[in-house]
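With chain A held as given, fit chain B onto it using these hints.
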Amino acid sequence: MSETVFTCEGVSFQHGAATITLPAVKVDVGSTLAIRFETIDQAHLAARLIVGFDVPTHGTITLFRKNTSTTPRGDALRARRRLGYAAAQPAFLSTVPLPENVAIPLRDRSPRGEDDVLRESTAFLAKLGVVFEGRVLPQQASPAIRYLSGVARALAPDPLFAVVEEPPAVLTAAQSTTLRAVLDERSRKPDAAMILLVADTLAGGKLSCPCVDAMVRHQ
Amino acid sequence: MLAILEAWGVDVQRRCGAFLRDLQGIGEILGRIVTSTLGMSSGARRLLRRHIGMQIYFTGVQAVPVAGLLAFLVGYGFGQLIATNQIFFLIPIFLDRIILQNVAPLIAAIVVVARTSSAVAVELGNMTVAREVEMLEGFGIDPYRHLALPRLFGIVVGTMCLTLIVAAIAMLSLFSVMQEYPQSGGIDLLLKVSPSTGSHLVALGLAYGIVIAIVALRQGFGLDPYFTEVPKAASRAVIKSIVMCAVASALVSVMAG
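For the record, the sequence lines run as chains A and B. Under my numbering, read the first sequence as residues 1 to 219, first letter to last. Under my numbering, read the second sequence as residues 1 to 257, first letter to last.
To be clear, the hints were calculated from the coordinates, so they are not data collected in a lab. Heads up, a few of these hints could be off.
[Unchecked claim] Far from chain A, by Cβ distances over 12 Å, these chain B residues were calculated:
hint : residue
1    : 14
2    : 18
3    : 30
[Claimed, not checked] Which residues of chain A face chain B? A few of them, derived with a C-beta cut under 7 Å, are:
hint : residue
4    : 48
5    : 51
6    : 81
7    : 85
8    : 91
9    : 93
10   : 96
11   : 97
12   : 107
13   : 110
14   : 111
15   : 115
[What the hints assert, rightly or not] To spell it out: a stretch of chain B is covered by chain A in this simulated footprint if at least three of its residues, at any positions, have a beta carbon under 8 Å from a beta carbon of chain A; those stretches are:
hint : stretch
16   : 43 to 54
17   : 169 to 177
Beta carbons: idealized from backbone N, C-alpha and C, even for Gly.
The shape of chain A in the complex, shown without the other chains (with noise of 0.2 Å):
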């Protein structure tokens, strides 16, 4: 039987005048699923719950098998070392430039040299279809890169969960095709578990895993 890394159960959270409620979701190990929101917005306010940044009003979230509303912050972050989290305009620390801010978690993960995890990082971002030339700082990268070196930030550790955002509509044609193809890669791994938090299609209707969509009631 494989281990469950994430369940929702009866969360509703507020977003403006909108009641957004999250299905009743289970996610075990070797499994994708996508969430449908009607906004971006409402994606990250979801995807801040399900990392345990916030903690829901109404109902259960537990991630590995801990509840968020509940799990000391010190066992909430060793719990987060399991985790990938790309967010869809993410935070990079301003000072360090882009691969190296790529390769931070995985450093702080792996026991192995500086060379290595910078390599493996760069391969990561090659794989997006992300080639630096130079000292790049986040701030002059453009969205679309700051978004895919959010995805190799997440992904490249290889974490037991993922929890991927749906990007703002800054990404190429190309690009979007490529980002598919790694989400998909990743979603038919058997010891891995992801959910996509989508307002668009990028999941929902092109990529190969289960999509529901979140409740939203307006008042």
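Chain B in isolation, oriented as in the chain A frame:
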């Protein structure tokens, strides 16, 4: 009159609340720094060493020209004062008690407060507002280990080194003035420094380093997440560091007897 008293009462209450929150925040910083060091990977340790080295360089080495110039001017000024007034018998008091035990550590502390305390508060404040701190937590990286610990170590070691360097420059500066006056005692002047002065300097450097680092970390991590709060945090870091340095100085003096 009643309104003034009422306003004063509200202000005192607000300040007491802020003081208690600061104490709580400092406790949290220290607690989280200690717990964050458990179970570090070798990659994280390597990165930590690099960051500590960079912070020591920024605090203790890059500040030497400014602090050294101030130390030289202070030593030279005291030398001229002694020479002009022919008060050579006061050299041990000026050198030992005033320059080495008080003014030199104070110069080092002021330079560190002006350069490092505000810089750390601004840097961490901007990182907090830009969600960079949250990003680290999202990957299971404790920001108190990744950001706070190297700054704490770096500032403490850097301040201690800078205090010793400033003291040495001030002493040599005074000595260079006194060389022209044989009645000052020549090279024997340097022997008039009491042995306890060295430990006093280290204790003051350590105390100043600790309070400056903790105040800067508290202001950087503890601000409300708005960019307009960052400059306020920087100025609070400077003011509170100066106040806390004065308190630390008094405590060290009392403990030294």
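Hint by hint, here is what the structure shows:
At roughly 28 Å from the closest C-beta of chain A, the C-beta of residue 14 of chain B stays outside 12 Å, upholding its exclusion from the interface. In this structure residue 18 of chain B is separated from chain A by more than 12 Å, as the shortest Cβ-Cβ distance comes to about 24 Å. Residue placement check: residue 30 of chain B keeps its beta carbon more than 12 Å from all beta carbons of chain A (closest about 15 Å). At its closest, the beta carbon of residue 48 of chain A sits 9 Å from a beta carbon of chain B; the interface hint therefore is violated under the 7 Å criterion.
Contact between residue 51 of chain A and chain B, as hinted, is supported at the beta carbon level, the nearest pair being about 6 Å apart and thus within 7 Å. Among the interface hints, the one on residue 81 of chain A holds; its C-beta lies about 3 Å from the nearest C-beta in chain B, closer than the 7 Å criterion. Of the supplied interface hints, the one on residue 85 of chain A holds, with its beta-carbon coming within about 5 Å of a beta-carbon of chain B, less than 7 Å. The interface hint given for residue 91 of chain A holds, since its Cβ lies 4 Å from the closest Cβ of chain B, which is under the 7 Å cut-off.
Given hint, residue 93 of chain A at the interface with chain B, holds; its Cβ is 6 Å from that chain's nearest Cβ, closer than 7 Å. Among the interface hints, the one on residue 96 of chain A is violated; its C-beta lies about 10 Å from the nearest C-beta in chain B, farther than the 7 Å criterion. Annotation: interface hint on residue 97 of chain A violated; nearest CB of chain B at approximately 14 Å, more than 7 Å. Taking 7 Å as the C-beta cut-off, the interface hint given for residue 107 of chain A holds, the closest approach to chain B being about 4 Å.
Given hint, residue 110 of chain A at the interface with chain B, holds; its Cβ is 5 Å from that chain's nearest Cβ, closer than 7 Å. Interface restraint check for residue 111 of chain A: the shortest CB-CB distance to chain B comes to about 5 Å, inside 7 Å, so the restraint holds. Here the hint on residue 115 of chain A is broken, as its CB sits about 12 Å from the closest CB of chain B, past 7 Å. Counting residues of the stretch 43 to 54 of chain B whose beta carbon lies closer than 8 Å to any beta carbon of chain A gives 4, which reaches the threshold of three, so the coverage claim holds.
Only residues whose beta carbon comes within less than 8 Å of a beta carbon in chain A count, and the stretch 169 to 177 of chain B has 0; fewer than three means the coverage is violated.
The structure fails to meet hints 4, 10, 11, 15 and 17 from the earlier list, while all remaining hints are met.
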